[in-house]
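*Asks:* Using the sequences and the hints, build the whole thing.
From first to last, the protein sequence lines are chains A and B. Going by the working numbering, the first sequence opens with residue 14, and the numbers climb by one from there. Going by the working numbering, the second sequence opens with residue 14, and the numbers climb by one from there.
Check each hint, because a few of them may be wrong.
Unchecked claim - Dumping the calculated DSS-like pairs for lysine-lysine here, alpha-carbon to alpha-carbon at most 25 angstroms: (1) A:K146 <-> A:K302; (2) A:K151 <-> B:K146; (3) B:K245 <-> B:K108; (4) B:K151 <-> A:K83; (5) A:K160 <-> A:K110; (6) A:K226 <-> A:K62; (7) A:K110 <-> A:K245; (8) B:K160 <-> B:K108; (9) A:K226 <-> B:K226; (10) A:K83 <-> A:K302; (11) B:K160 <-> B:K110; (12) B:K146 <-> A:K146; (13) B:K83 <-> B:K245; (14) B:K117 <-> B:K245; (15) A:K226 <-> A:K65; (16) A:K146 <-> B:K151; (17) B:K245 <-> B:K62; (18) B:K83 <-> A:K151.
FYI, nobody ran anything at the bench for these hints, they're computed from the structure. Values in this document were obtained by computation on a predicted structure and should not be read as measured data.
Here is what each chain is made of, one letter per residue.
There are 2 protein chains.
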Amino acid sequence: MSSQPLSPNNFSDLFDSVEAFLFDCDGVIWKGDELIQGVPQTLQMLRSKGKKIVFVTNNSWKSRSQYAQKFQSLGISVSQDEIFSSSFAAAMYLKVKDFPSQNKVYVIGGEGILEELRLAGITAFGGPEDANKTIDLKQNCFVEHDKSVGAVVVGIDPNINYYKLQYGTLCIRENPGCLFIATNRDAVGHMTALQEWPGAGCMVAAICGSTQKEPVVVGKPSTFMMEFLLKKFNVSCSKMCMVGDRLDTDILFGQNAGCKTLLVLSGVTTQSDLQDPSNNIQPDYYTNKISDMLDLS
Amino acid sequence: MSSQPLSPNNFSDLFDSVEAFLFDCDGVIWKGDELIQGVPQTLQMLRSKGKKIVFVTNNSWKSRSQYAQKFQSLGISVSQDEIFSSSFAAAMYLKVKDFPSQNKVYVIGGEGILEELRLAGITAFGGPEDANKTIDLKQNCFVEHDKSVGAVVVGIDPNINYYKLQYGTLCIRENPGCLFIATNRDAVGHMTALQEWPGAGCMVAAICGSTQKEPVVVGKPSTFMMEFLLKKFNVSCSKMCMVGDRLDTDILFGQNAGCKTLLVLSGVTTQSDLQDPSNNIQPDYYTNKISDMLDLS
Chain A
14 MSSQPLSPNN FSDLFDSVEA FLFDCDGVIW KGDELIQGVP QTLQMLRSKG KKIVFVTNNS
74 WKSRSQYAQK FQSLGISVSQ DEIFSSSFAA AMYLKVKDFP SQNKVYVIGG EGILEELRLA
134 GITAFGGPED ANKTIDLKQN CFVEHDKSVG AVVVGIDPNI NYYKLQYGTL CIRENPGCLF
194 IATNRDAVGH MTALQEWPGA GCMVAAICGS TQKEPVVVGK PSTFMMEFLL KKFNVSCSKM
254 CMVGDRLDTD ILFGQNAGCK TLLVLSGVTT QSDLQDPSNN IQPDYYTNKI SDMLDLS
Chain B
14 MSSQPLSPNN FSDLFDSVEA FLFDCDGVIW KGDELIQGVP QTLQMLRSKG KKIVFVTNNS
74 WKSRSQYAQK FQSLGISVSQ DEIFSSSFAA AMYLKVKDFP SQNKVYVIGG EGILEELRLA
134 GITAFGGPED ANKTIDLKQN CFVEHDKSVG AVVVGIDPNI NYYKLQYGTL CIRENPGCLF
194 IATNRDAVGH MTALQEWPGA GCMVAAICGS TQKEPVVVGK PSTFMMEFLL KKFNVSCSKM
254 CMVGDRLDTD ILFGQNAGCK TLLVLSGVTT QSDLQDPSNN IQPDYYTNKI SDMLDLS
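*Replies:* See below:
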């Protein structure tokens with residue numbers, strides 16, 4: 014069924030039937046470090062009408078507390094409990110799988126992943142500390158890897174380099190049973206306000222290319238995080254609405270979880286992407302930006 | 014049909030029916046900068062028996078003349094005409110496709126690709142000159158890309174970084190009709206003698222991940238290079254034997270082209286890889302290293 018534009022005719026049906034709005038962040042709340050127009054007022058309106066608000070972000074660069082600080086710095090008050098980031102999801106996945114305490118995790122990605130892993134009591138290394146490591150093949154160099162690494166977590170990493178690719182590849186190829194976990198596989202994202210940049214899907218694919226293995230994906234569109242979300246909020250999935258700018262992560266996640274779905278065109282997806290015959294992911298509704306709800310409410 | 018180990022019983026059948034031996038380099042002739050045992054004597058024996066010798070390498074880091082120099086430095090005399098590298102294949106692909114002279118090529122890879130493109134009269138940039146470019150997302154930076162780039166060529170690149178990934182992604186996503194060419198998709202290779210390292214398959218997959226497009230592959234197992242090889246050497250494919258250490262590139266290439274195939278276990282493939290039930294690529298013959306032919310001849 015094709016999507017409906019959000020309008021005065023259908024908005025109250027959606028609004029009245031939804032108890033919790035799940036928002037993606039990049040392309041919905043902000044682009045890079047710039048807030049999208051009307052966001053604070055929209056969130057305020059939703060809270061004033063008693064709606065629960067949750068932020069479900071695939072961007073693993075930050076931890077939940079770092080995201081709460083980012084919201085704060087943009088003038089929006091958000092509790093850490095309202096944030097479900099894919100960095101947190103990676104840590105929760107290892108907890109749920111009873112990751113052995115003597116094993117370590119190698120991280121290709123940001124400080125946020127390391128922070129969430131440490132909060133979960135898991136020993137992790139890599140990430141920013143390997144940002145400046147270089148490889149000179151002419152020196153016949155050898156990368157020695159830690160045999161106790163039992164999982165490699167890969168997320169968005171603007172400091173990607175050949176050392177990290179080699180280290181992660183060695184762990185996955187040579188450590189028996191080593192897990193390969195992707196925070197998400199977004200192709201691109203608004204890492205800055207001015208343009209789109211390669212997302213975690215780029216780094217994850219690189220490791221797929223060198224290991225010839227496929228990862229477990231813990232972020233959207235996987236519904237792994239939903240279990241934790243349901244534990245915090247006593248709302249059934251059918252009374253949730255997932256709001257996002259990406260069809261293949263946000264909208265698919267909402268559909269996989271049985272939520273209502275609203276696509277906003279303020280991020281990576283254009284109306285022509287949505288209506289392209291090759292697209293087979295149709296949200297229930299679409300609109301330009303979340304603040305359109307202000308005019309309709 | 015499962016492979017036969019090369020033996021006194023079957024060697025003369027192979028040897029007598031073959032006029033040209035096609036050798037892969039990494040893992041067959043050398044590992045990193047170290048020659049594999051017995052290689053010079055084997056090549057000398059083949060030449061003395063009137064066999065033609067060709068080197069077909071997926072490693073795009075060097076140009077044909079740089080490979081000829083590497084052979085020379087290792088004490089082996091090889092003419093540039095005997096070398097078919099995937100860097101050369103990338104340049105020939107663009108020539109065959111009548112790449113417009115006003116368009117440029119962006120390179121993620123080594124100097125060898127740039128050199129072959131220039132020899133073919135094609136304007137190219139990127140590669141080593143972008144090795145040290147850094148991206149600071151906090152500065153809200155913007156990468157401006159050249160709208161006249163009509164092809165992005167991706168090969169092995171130990172200097173891979175986020176700038177190159179962004180530049181290549183922008184060209185492929187935003188320049189209408191921009192080609193995406195992979196020199197090859199080898200997962201790993203012996204970039205040094207001491208261990209395996211992520212190969213071009215890693216960098217190519219990264220760009221697939223960010224662009225959600227699939228490349229044209231010009232190296233093995235694609236038989237694109239065979240057309241040029243046949244032009245140089247007046248030998249039918251059935252009288253050629255492809256000798257390589259990789260099932261999914263070398264042996265598949267040989268089979269795709271209708272050559273006989275010989276797997277050597279001196280590189281990335283082990284005997285247990287070959288005999289694993291999940292492997293469905295069976296060479297005609299296998300042996301430990303090319304110098305085993307010395308004992309059998």
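*Asks:* State for each hint whether it applies.
*Replies:* To see whether the hints hold, each was checked on the structure:
no., hint, verdict
1, A:K146 <-> A:K302, "violated, 41 angstroms"
2, A:K151 <-> B:K146, "holds, 21 angstroms"
3, B:K245 <-> B:K108, "holds, 17 angstroms"
4, B:K151 <-> A:K83, "holds, 13 angstroms"
5, A:K160 <-> A:K110, "holds, 20 angstroms"
6, A:K226 <-> A:K62, "violated, 47 angstroms"
7, A:K110 <-> A:K245, "holds, 20 angstroms"
8, B:K160 <-> B:K108, "holds, 20 angstroms"
9, A:K226 <-> B:K226, "holds, 19 angstroms"
10, A:K83 <-> A:K302, "holds, 20 angstroms"
11, B:K160 <-> B:K110, "holds, 20 angstroms"
12, B:K146 <-> A:K146, "holds, 15 angstroms"
13, B:K83 <-> B:K245, "holds, 22 angstroms"
14, B:K117 <-> B:K245, "violated, 28 angstroms"
15, A:K226 <-> A:K65, "violated, 39 angstroms"
16, A:K146 <-> B:K151, "holds, 21 angstroms"
17, B:K245 <-> B:K62, "holds, 20 angstroms"
18, B:K83 <-> A:K151, "holds, 13 angstroms"
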